[in-house]
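Q: Each chain, letter by letter, is given below.
Protein chains: 2
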Amino acid sequence: MRAPKFADIEQAHERIRSSVHRTPVLSSSTLNRILNCELHFKCENLQKVGAFKFRGACNAVLLLTDEEAARGVCTHSSGNHAAALALAAAMRGIPAYIVMPRTAPEIKKQAVAGYGGQITFCEPTLEARENTLAKIAAETGATEIHPYHNFDVICGQGTAAKELIEDAGPFDVILCPVGGGGLLSGTAIATRAMNPSALVVAAEPAGADDACRSFHQKKLIPSVNPKTIADGLLTSVGELNFRIIQRTTDEIVTVSERGIVRAMRLIWERMKIIVEPSSAVPLAAILENKLDVRGKKVGIILSGGNVDLEKLPFHEFV
Amino acid sequence: MRAPKFADIEQAHERIRSSVHRTPVLSSSTLNRILNCELHFKCENLQKVGAFKFRGACNAVLLLTDEEAARGVCTHSSGNHAAALALAAAMRGIPAYIVMPRTAPEIKKQAVAGYGGQITFCEPTLEARENTLAKIAAETGATEIHPYHNFDVICGQGTAAKELIEDAGPFDVILCPVGGGGLLSGTAIATRAMNPSALVVAAEPAGADDACRSFHQKKLIPSVNPKTIADGLLTSVGELNFRIIQRTTDEIVTVSERGIVRAMRLIWERMKIIVEPSSAVPLAAILENKLDVRGKKVGIILSGGNVDLEKLPFHEFV
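Heads up: the protein sequence lines correspond to chains S and D, in order. Residues in the first sequence are numbered consecutively from 0, following numbering that gives the first Met the number 0. Residues in the second sequence are numbered consecutively from 0, following numbering that gives the first Met the number 0.
No wet-lab data here; the hints were simulated from the structure. Hints are supplied without guarantee of correctness; some may be wrong.
[Claimed, not checked] Label-pair distances were calculated between CB atoms; the ranges are:
1. Lys134/S x Arg32/D: 57 to 67 Å
2. Pro104/D x Ala205/S: 28 to 38 Å
3. Ser196/S x Pro104/D: 23 to 33 Å
4. His314/S x Ala205/D: 30 to 40 Å
5. Ala205/S x Lys226/D: 39 to 49 Å
6. Lys4/D x His314/S: 48 to 58 Å
7. His314/D x Leu125/S: 50 to 60 Å
8. Thr119/D x Gly294/S: 31 to 41 Å
9. Arg269/D x Glu138/S: 26 to 36 Å
10. Ala205/S x Ala112/D: 26 to 36 Å
11. Leu125/S x Ile118/D: 54 to 64 Å
12. Pro104/D x Ala69/S: 53 to 63 Å
13. Leu125/S x Pro123/D: 57 to 67 Å
14. Ile118/D x Ala112/S: 44 to 54 Å
[Said to hold, decoys possible] If you want the ones that stay clear, here's a sample from chain S, every Cβ over 10 Å from chain D, calculated:
15. Ser28
16. Lys47
17. Ser77
18. Thr142
19. Glu238
[What the hints assert, rightly or not] With the Cβ distance kept under 10 Å, some of the chain S side facing chain D (calculated, not the full set):
20. Thr22
21. Thr29
22. Pro225
23. Trp267
24. Glu268
25. Ile272
26. Ile273
27. Val306
28. Leu308
29. Glu309
In this text, a Cβ means the ideal position worked out from N, Cα and C, and glycines have one as well.
Let the sequences and hints guide you as you build the complete structure.
A: Laid out in structure tokens, this is it:
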């Protein structure tokens, strides 16, 4: 699979522009004072379905031919990509078949169903998920849209950084979280083209640090038993994503669980917006001095805002 | 005290424009689908100090002569106005003397102190607050800035509706909460001038319904023992504010505590932003069918986002 160029991200942006929110870029003078730098937050938590994932899903769905579209799309996911694909499909009026583990949180099942996704439950193993998905794809002829190892998805995710740089750039540093690497690879391609002097840095939970280890050892090392509160970042980096990251990303740093919760709380309290733990990982890297941003202008992509209000983590690390 | 005209709000806007955030206007297609109308939320929870109050405080502080400014400003408040005045004063480099009841929540004391306010604590009675304030004003020569019964404050608060209508108007209905009436009176003056066909409707907690009763009985009736989770709306309507409201507002409706919490939760979950209970009062009016907005385009001012994350109310009305 070839890697996208910036021109592909520009085309994706034209394609999805009228379907996605141009999310605001917010800043907090208090946070800037505390952290001694100038932070600009791209609020993809305010994107449709509450996550940047809608950009990539939307781009992939809009690129289907009418014939392909008529057969629908499918994926296996228990997270934001499932909801994003369901909504993108609903907006084109086509079916979305979503394979979810039986054990997925009720709130995620409701979200996918609420956007009109047709859910098939399976056992909570990767094998069961892949087998169930293969069966559905064979039966329906639906096109599988992978959450990150997908050219069109990467192009869609890259539009968040493009908007961030257009609206508040240029920056000294661009920071985003890394899980499967869809957001990071798109972000890095856009930044290299639009703001070449900026450092592209990704942050990852120490408990799910496959991207960091892969990056530094220069070979793809999948996660084994990842564990982190940042549930959007449990997946291992995709092959295409890793190839892009290797040649476009300057650094990947890791953060503690305590740092993630502290950063999440700081964003809730100071910026008055709801972010999920995954979104707080880049700010945690600054809080934990994993990179030096003193006096620098930093763009941070807040990836999503889907949390269960019944299970807030603020007491876990007091 | 004369009532402001729209030209006064326009001048206030020019004056404070570079000091305040032009907060985003957000919408949610899911909320629109659920409620069968088109809602546009002016996010003053994302304003500096997390509340629209910063607009009025800023306008009042900027209007002081250099001589007045040198002696500082003062007020008694345990809420957002205290923090707003402290920050507005700090930005002009002048002292802010804030009288707070000893019993004010720790989080509010920290906020005021964090913005550089000089706090004097007093007993938690209106008499003690007023006496303490009078003493400080006499000692320091500081100018008292009342939180709502103040011409310049009303002009500042009116700039939120002005921006809302500029950015997303015109509307069929403009909705805001009412406590002391600073926001409502400014909002109504701006709306009457810019969007004269819009209905101006205010929403108030049934447990602190002095504005609603005063409005319908056409005379000022102060609150007696108001009680509501919407702590920003406990104050009674000011005299100047009531005079303006009487001739500019179309309706005032009341909502239940349960409705406030439901609306607050809906905003948190669907819009991914943090609002305090007072902010949720207008949406509660729609949820409880206190006004008919079916098929209509509605602008709602979200007044603030200062909540104690340790004490969230979502379990109180399950």
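Q: Now, for every hint given, state plainly whether the structure supports it.
A: How the hints compare with the structure:
1. Lys134/S x Arg32/D: 57 to 67 Å: violated (33 Å)
2. Pro104/D x Ala205/S: 28 to 38 Å: The hint (28 to 38 Å, Cβ to Cβ) holds, given that Pro104/D and Ala205/S are roughly 35 Å apart.
3. Ser196/S x Pro104/D: 23 to 33 Å: violated (46 Å)
4. His314/S x Ala205/D: 30 to 40 Å: holds (33 Å)
5. Ala205/S x Lys226/D: 39 to 49 Å: The hinted range 39 to 49 Å holds for Ala205/S and Lys226/D, with Cβ atoms some 47 Å apart.
6. Lys4/D x His314/S: 48 to 58 Å: Holds - the Cβ-Cβ distance for Lys4/D and His314/S, about 51 Å, lies within 48 to 58 Å.
7. His314/D x Leu125/S: 50 to 60 Å: violated (36 Å)
8. Thr119/D x Gly294/S: 31 to 41 Å: Given range 31 to 41 Å: holds, Cβ gap about 37 Å.
9. Arg269/D x Glu138/S: 26 to 36 Å: Given about 34 Å between the Cβ atoms, the range holds.
10. Ala205/S x Ala112/D: 26 to 36 Å: holds (35 Å)
11. Leu125/S x Ile118/D: 54 to 64 Å: Given about 57 Å between the Cβ atoms, the range holds.
12. Pro104/D x Ala69/S: 53 to 63 Å: Once the Cβ atoms are compared, 58 Å apart, the range 53 to 63 Å for Ala69/S and Pro104/D holds.
13. Leu125/S x Pro123/D: 57 to 67 Å: holds (59 Å)
14. Ile118/D x Ala112/S: 44 to 54 Å: Given about 51 Å between the Cβ atoms, the range holds.
15. Ser28: Given that some Cβ of chain D is not farther than 10 Å from that of Ser28/S, nearest at about 7 Å, it is violated.
16. Lys47: violated (7 Å)
17. Ser77: Non-interface label on Ser77/S holds, nearest chain D Cβ at 19 Å vs cutoff 10 Å.
18. Thr142: Holds, since 25 Å exceeds 10 Å.
19. Glu238: Non-interface label on Glu238/S holds, nearest chain D Cβ at 32 Å vs cutoff 10 Å.
20. Thr22: Given a least distance of 9 Å, the restraint on Thr22/S holds.
21. Thr29: The hint holds - Thr29/S has a Cβ within 10 Å of chain D, the shortest such distance being about 8 Å.
22. Pro225: Pro225/S check fails; min Cβ-Cβ to chain D is 25 Å, beyond 10 Å.
23. Trp267: Cβ of Trp267/S sits 6 Å from chain D, so the hint holds.
24. Glu268: holds (7 Å)
25. Ile272: Nearest chain D Cβ about 5 Å off; hint holds.
26. Ile273: At 4 Å from the nearest chain D Cβ, Ile273/S passes the 10 Å test, so the hint holds.
27. Val306: Nearest chain D Cβ about 9 Å off; hint holds.
28. Leu308: holds (6 Å)
29. Glu309: Holds. Min distance 8 Å.
In the structure shown, a violation is registered for the earlier hints numbered 1, 3, 7, 15, 16, 22, in ascending order.
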